[in-house]
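*Asks:* Chains A and B are the protein sequences, given in the same order.
All residue numbers for the first sequence refer to the working numbering, where the first residue is 7 and numbers rise by one.
All residue numbers for the second sequence refer to the working numbering, where the first residue is 3 and numbers rise by one.
Calculated directly from the structure, the hints in this document are not laboratory data.
You may find that some hints are simply not true.
[Said to hold, decoys possible] With a straight-line cut-off of 27 Å between C-alpha atoms, the simulated DSS-like cross-links for lysine-lysine are:
hint, chain 1, residue 1, chain 2, residue 2
1, B, Lys74, A, Lys139
2, A, Lys294, A, Lys428
3, A, Lys138, B, Lys75
4, A, Lys169, B, Lys25
5, A, Lys269, A, Lys33
6, B, Lys53, A, Lys135
7, B, Lys103, A, Lys169
8, B, Lys75, A, Lys139
9, A, Lys135, B, Lys75
10, A, Lys195, B, Lys53
11, B, Lys103, B, Lys75
12, B, Lys74, A, Lys133
13, A, Lys169, A, Lys217
14, A, Lys316, A, Lys281
15, A, Lys138, B, Lys74
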Amino acid sequence: MANITIDGKQVTVKDGITIIEAIDQVKTELPRYCYHPGLSIAGNCRICQVEVEKMPRTVIACNTRVAEGMVIHTQSAKAKESQQVVLEFLLANHPLDCPVCDQAGECKLQDYYMDYGLYDSKFNEQKVKKTKKAVSIGPTIMLDQERCILCSRCVRFGDEITKTHDFGIFNRGDHAELNIYPGQELNNKYSGNVADICPVGALTDKDFRFKMRVWYLGSQESVCPGCSRGCNIKVEYEKSRPYHLKNERVMRLKPRENMDVNKWWMCDEGRYAYKSIDQNRIQKLISKENGVSSEISWQKALEKIAGLLKNAKPSSWAVLASPQYTNEELHLKKKLFKDQLKWTHIAFYAPGQEGSEDNFLIKKDKNPNSAGAAQILNLNGAADMTPVIEKAKRGELEGLIIFGHDLEKIYGAETLKLIRQKVKTIIYEGTNNNPTSAVADMVLPGVSYAEKEGTFTNFEGRVQRIRKAVEPIPGTLPTWDFLLNLSGLLGLSYKALRPEHIFEDLAKDNQAFQDLNYKKIGHQGMVWNKK
Amino acid sequence: MNRAILNQLDVEAEKVVAKYDQKKAATLTLLHMAQDKVGYVTPEIEAWVSKWTEVPVVHVHEVVTFYSMYHKKPAGKTHIRFCTGTSCALGGYEKILSHLKKKLNIQNGEVTKDGKFSLEEAECLCACECAPMMQVGDKYHMDLTEKKVDQILDAHK
Ligand code: SF4
Ligand code: FES
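Construct the entire structure; sequences and hints are all you get.
*Replies:* Have a look at this one:
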């Protein structure tokens, strides 16, 4: 342990850490470009200058280790002057066209100029222009060489995180430019992260570029539903200009730091999967009667379903739950269908849907809550939907409630056709249109993960919260809300008003969730109690 | 063609790499070896060096573009580096350089039509005491005059 002083505050920190790490621990502001806690130290941008008493010159905080008794100043005149001078150099060849740069608003050059710069430019020379302006370097990223400050974060990301060695800095001095190897393209499963870590507008995300100024964005913490890792994310949505991009609300996803799950990163597959939140959504509650479809109210639909379920023989109906749903929703499904109605045909696992996997973040189970589903529904190894489907095909089922699954995708169009013929009533609940919703007798519009509260349990048993970023589309209802209402009509009275209450009930009901609550789960999740 | 040359160089490369503690230390040497044979550094050479040194090819390319003594495009059979440093300027290199350019009929960075010479204007080559000077191939020629330049060129024809 080392006792040091940062801006007059005495702190004890671990031996051998760098000054910048100590500064971050006490949450003091210090500018930085090349330093990133997830990458090796480069120490090339020089902006993180601090004054250390008894040292003749200011030093860079990211590459100087703390030592016993060090007295560090981040705000002294000497430190500030150094920071300012370095910034002036960094901006020497940088274009001054922030109004047309997409990074504006989240650019560290802009921010630091306002915080640490504010000098009058002494630079009379011509700026050295770099060769490549706004070129595509792969499916996801655009490169603008003249905006690059050569911090080498992207280079190190390629070398150390993805090991794909994409970027290099070519030529030298004023002419040094960042690029990928000639003739190659940036195409790896984590490429989007380089736009996040690039502190300036040199690497921008094609998907987001010029879609919206960042100051119009709202941001909400959530968890990526793309696979069972459950990377922590921020859902960034259009906040204040509803007339802009009318039917698109979610603008982008960004990774959110969680050292136990995804560190600072997320994969491209997850990053760009947000489009289904705003596209191809089921928006109307449709009920078919004698071959005629009509739109009905939730009230009517609930009564109708309650009527059907009241009279249903427990063994002649089946429910296909899904690991795409929250713990709370799965808990309500269990309570209603298993405990209350005593149905025996309950399943959630869709066979053959595994995707690719790597030894970094991506898991082959593309569901965010398989662990939760297995734990809550407790089907003793009978989670596979196939036996239910076989039963349906043989005409042994009268009714089928499907949550989110597209049977055509899993079992093929023929099977779906056959099931349609053999099963009298098919009720579909989900967010997006698909061939299964198209043939259902009743289609209930649900809400996406960005429009509701709840928790997912990742593959390691970490229970993590998703939060509502945008309001549900009018006419849609969160599944937990629908299930609460339906349970009420079927004589199962609940005092729950919100997912948080449902979770409390789940915690009482299920050993694995014991002692957990929303407050404890917090922003970083918590591992459940399962032994 | 390059492939065949590089295959021949493999034997030597193995010896070079063995000399160093770390394979990556052999990068510069291997680049020079291959450039000497091929004339300039091609993408194949970069890949070959990358294979031997285990330095990712993009970083080999960084090295190649960093140093001015690696040619990124074909050079003439004889490469001339003409010093344009301060001492050579004081010594009046400008007249000699324009004479050389006229004689070869090329500008800075170009190769003569017959492929025999290429010209590169260089910063100080560290021979100020005998300015003006130029480097032809590996050899320094000093205290240049127009006549001297003619003789040197003739000798290399
Ligand atoms: S492109 Fe961005 S991340 Fe990469 S070196 Fe330049 S400024 Fe740094
Ligand atoms: S952040 Fe310390 S030198 Fe770049």
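*Asks:* Are lysine 135 (chain A) and lysine 75 (chain B) close enough, with their CA atoms no more than 27 Å apart?
*Replies:* Holds, because 22 Å separates the two Cα atoms, which is no more than 27 Å.
*Asks:* When you check the alpha-carbon spacing of lysine 138 (chain A) and lysine 75 (chain B), does it fall within 27 Å?
*Replies:* Judged against 27 Å, a Cα distance of about 20 Å means the pair holds.
*Asks:* Keeping to a limit of 27 Å between CA atoms, is the pair of lysine 103 (chain B) and lysine 75 (chain B) held or broken?
*Replies:* Answer holds: lysine 103 (chain B) to lysine 75 (chain B) is near 19 Å, not above 27 Å.
*Asks:* Going straight from one Cα to the other, do lysine 74 (chain B) and lysine 139 (chain A) come out at no more than 27 Å?
*Replies:* holds, 22 Å
*Asks:* Between lysine 269 (chain A) and lysine 33 (chain A), does the CA-CA distance stay at or below 27 Å?
*Replies:* holds, 19 Å
*Asks:* Assess, step by step, whether the Cα of lysine 195 (chain A) is no farther than 27 Å from the Cα of lysine 53 (chain B), and give holds or violated.
*Replies:* holds, 24 Å
*Asks:* Taking 27 Å as the top limit, are the C-alpha atoms of lysine 138 (chain A) and lysine 74 (chain B) close enough?
*Replies:* holds, 19 Å
*Asks:* Would the hint linking lysine 294 (chain A) and lysine 428 (chain A) be met if the CA-CA limit is 27 Å?
*Replies:* holds, 16 Å
*Asks:* Is the Cα-Cα distance between lysine 53 (chain B) and lysine 135 (chain A) 27 Å or less?
*Replies:* violated, 34 Å
*Asks:* Taken at face value, is the distance from the CA of lysine 133 (chain A) to the CA of lysine 74 (chain B) at most 27 Å?
*Replies:* holds, 25 Å
*Asks:* Given the hinted pair lysine 169 (chain A) and lysine 25 (chain B), is their Cα-Cα distance within 27 Å?
*Replies:* holds, 18 Å
*Asks:* With a cut-off of 27 Å on the C-alpha distance, tell me whether lysine 103 (chain B) and lysine 169 (chain A) pass.
*Replies:* violated, 47 Å
Figure legend: structure checked against the earlier numbered hints; hints not met, in rising order: 6, 7, 13, 14.
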